[in-house]
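Add chain U to chain W, keeping to what the hints say.
Protein chains in written order, with our numbering: chain W, 3 to 242; chain U, 104 to 369.
Think of the hints as simulated: they come from the structure by calculation, not from any bench.
Some clues are possibly wrong.
[Said to hold, decoys possible] For lysine-lysine, the following DSBU-like pairs were computed, each having C-alpha atoms within a straight-line distance of at most 30 Å: (1) 106/W to 224/W; (2) 4/W to 145/U; (3) 106/W to 312/U; (4) 312/U to 55/W; (5) 55/W to 145/U; (6) 106/W to 55/W; (7) 181/W to 224/W.
Predicted, not measured: the structure shown is a model, and the values here were computed from it.
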Amino acid sequence: MKLLANGCSFTDGDNTWPQQLVENGMFVEVHNLSMAGGSNDRIVRTTLDFCSKNDMSNYMAVIQWTSLFRKEYYNANLKEWIGGTTVLNNNSAEDLSMNIIVEKGSTTRDKDLVHISNAATEDMMYLQSITDYRLSTLKNILILQNYFEQHNIKYLFTSMGPDSHIAGNMFTHMYSPQKQPIIHILESAVNKNNWTKLSIANMLNNNLEYIISQDDTHPNEKGHKLLAQSFWQQIGKIYG
Amino acid sequence: MNLFVNGCSFSAGHGEVHDEQGNLTPPLDYVWSNQIADKFDKVTNYALAGGSNDRILRTTMEYFSKGPVDTIAIIQWTSPIRFEVYNELFKTWLGICNNTTTSIHSSLSRGIKDEDLTVNIHMDDGLALEKFRNHKAYSKISNASQQQLMFLKSLNDYQIQFYKNVYVLEQYFKSNNIPFLFTSMSFYNHIVNAQDYMSIDIIETPPSKLEIDLKNILDKSSWTAQPFTGYMGANYVSENDHHPNQEGHRLISEAIVSELSKRNYI
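Just chain W, same shape as in the assembly (with noise of 0.2 Å):
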């Protein structure tokens, strides 16, 4: 069985934990389409794609969600997808802006991606509220999980952190204003029994010994073969 990964910084890089579940020999190879600081968009866009272009019987698919606020947008002209990811300067709340992160070999001109930066500000600050980013989450989620069970792919999401794991208390570590009504109906409609009991944060619990430090919560190598194993033993539970 060959391993597909995806996810953000959690999950990119060569001795990540997809790497782990290769060298001790769960998996025979790992196609790891992550990249750090992507988006949900992005995960939902790279995952269809591969699934696309190869046959995917002997496949394993693990996706590693990320935060809810950051976006993808596509460059008609240049052919080429913009990240957008949520930056807090000064460390306040009230300064708040739309990082751009380009893909390797992007040929989008500074000018323009000021002009974007500035407009993903506007958008995430006057415009969209954790509602729609939430919603826009669940569909993203619904997306894959439908697309996987309509193609008989075997399949085990995981997220970064709390806000995005939909079979814990989802949402509830951050601020978290009244639910509406179609949130709760999308989250039911998710399947639970395919999601990691607790989210990577959660299972490193911000123990210094699987972080690589306080100020910065990634899994260090310790706290990758502790997620490998984590993964493992779910998906032996779900899939035998």
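Positioned in the frame of chain W, the structure of chain U alone reads:
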């Protein structure tokens, strides 16, 4: 069998959205769903002039989550460029409908000025909307919506959101065994038999790979053969208003009955 309908002005009618008390006006008698009402025990029509596909998905799922029995859904998808956001300040959904159609046509869009890209903001409560227009947040939201149209999202991004909405609702209906029929306003967003009908229907932007992948996973058998603009032909209100007139709605209702009969729904 009961009928549930959702869509935009092509299913709600082209009259005023709110009455004098600020309530949403019900679809007028000439609307196609009312012309086929005798074939159903009850017709519920949630369509809204200027409404978005986001709204169609949300209000449809909210309706069916309440467990109506023996009900078929006919969903008329609308322009992908419209969208909906939830405003935490006013605790309400805001519908954003752009006022330009030329942006669809990239060769025409070269002549667009910033002021042409204005947006209409909708609230279901018409009186609250009047108050909101005088609130300082209104211009911020309006400006952010225009910025999104001008600098942030491409037509491809809107089309991607449209396909995502279609797939999520399609899968919701299937997993809940709800019979449904999908159709659309125009060839611009019709999944099957896409062809140019009016110049405005031409999408000059080539699809991204993601649009192709998403379109490929949609169930085309759930769609009508043509969009409403195909069924109504030239039976529109006026040269300046291309909504179906009474005869246009009659032709649409005939086509819908035919599509339902083909699938043994009626």
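How the hints compare with the structure:
A distance of roughly 29 Å separates the Cα atoms of residue 106/W and residue 224/W; the hinted pair therefore holds under the 30 Å criterion. At roughly 52 Å between alpha-carbon atoms, residue 4/W and residue 145/U are farther apart than 30 Å, so this suggested pair is violated. A hinted pair counts as satisfied when its Cα atoms are at most 30 Å apart, and residue 106/W with residue 312/U qualifies at roughly 18 Å. For the proposed pair residue 312/U and residue 55/W, the alpha carbon gap of about 11 Å is at most 30 Å, so the pair holds.
Between residue 55/W and residue 145/U, the direct Cα distance comes to roughly 46 Å. Violation of the 30 Å bound is thereby established for this hinted pair. For the hint linking residue 106/W to residue 55/W, the alpha-carbon distance of about 21 Å falls within 30 Å, and the restraint holds. Simply put, residue 181/W and residue 224/W have alpha-carbon atoms about 37 Å apart, too far for the 30 Å limit, and the pair is violated.
The structure fails hints 2, 5, 7 (numbered hints given earlier, in ascending order).
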